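Throughout the sequence shown, residue numbering follows my numbering, covering 47 to 145 in sequence.
Honestly, the hints are just simulated from the structure, not real lab data.
Since this is a predicted model, take the numbers as computed values, not measurements.
Glycine included, C-beta positions come from ideal geometry on N, C-alpha and C.
Among the clues, some could well be false.
Claimed, not checked - Distance windows between CB atoms, simulated:
| id | residue 1 | residue 2 | range |
| --- | --- | --- | --- |
| 1 | Q97 | N61 | 29 to 39 Å |
| 2 | Y83 | Q55 | 29 to 39 Å |
| 3 | S59 | G100 | 25 to 35 Å |
| 4 | Q107 | E67 | 31 to 41 Å |
| 5 | N61 | G100 | 16 to 26 Å |
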Amino acid sequence: SQLQADIEQLLASQNITFDRELILDDANRIDFYLPDYRAGIECKVDGGFSQVAGQVVRYMQFKQVDSLILVTKRRAHCQMPPYICGKPVSVVWIAGSSL
């Protein structure tokens with residue numbers, strides 16, 4: 047998607063090391079993983095709050111993920127709690143625009 051391409055370009059332009067589509071296990075793959083920060087970035091352009099929250103909870107249960115940034119075009123996702131599994135979660139709402 048364009049959102050992922052924009053984030054990839056932004057990370058590369060800042061010389062931030064990342065893995066794209068990191069497989070956490072057979073059922074979970076995070077859009078970006080920043081190993082130097084032990085952080086994940088997940089991109090969402092649609093999906094209901096419950097579905098996305100469940101996905102974030104699953105990611106936060108992995109010990110290699112210490113924090114997560116959810117980049118979303120859905121305002122409903124802004125309801126995400128600031129901590130899940132004791133780990134910080136940040137939501138970046140980009141509304142209808144691209145990065």
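* Take a look at whether the Cβ-Cβ distance between N61 and G100 falls inside 16 to 26 Å. => violated (33 Å)
* Asked: Is 25 to 35 Å a correct range for the gap between the Cβ atoms of S59 and G100?
  -> For G100 against S59, whose Cβ atoms are near 32 Å apart, the range 25 to 35 Å holds.
* Between Q97 and N61, is the Cβ distance one that fits in 29 to 39 Å? -> holds (34 Å)
* Starting from the range 31 to 41 Å, see whether the pair Q107 and E67 falls in it by beta-carbon distance. => violated (19 Å)
* Asked: Taking the CB of Y83 and the CB of Q55, does the distance hold inside 29 to 39 Å?
  -> About 18 Å separates the Cβ atoms of Y83 and Q55, which means 29 to 39 Å is violated.
The structure fails hints 2, 4 and 5 (numbered hints given earlier, in ascending order).
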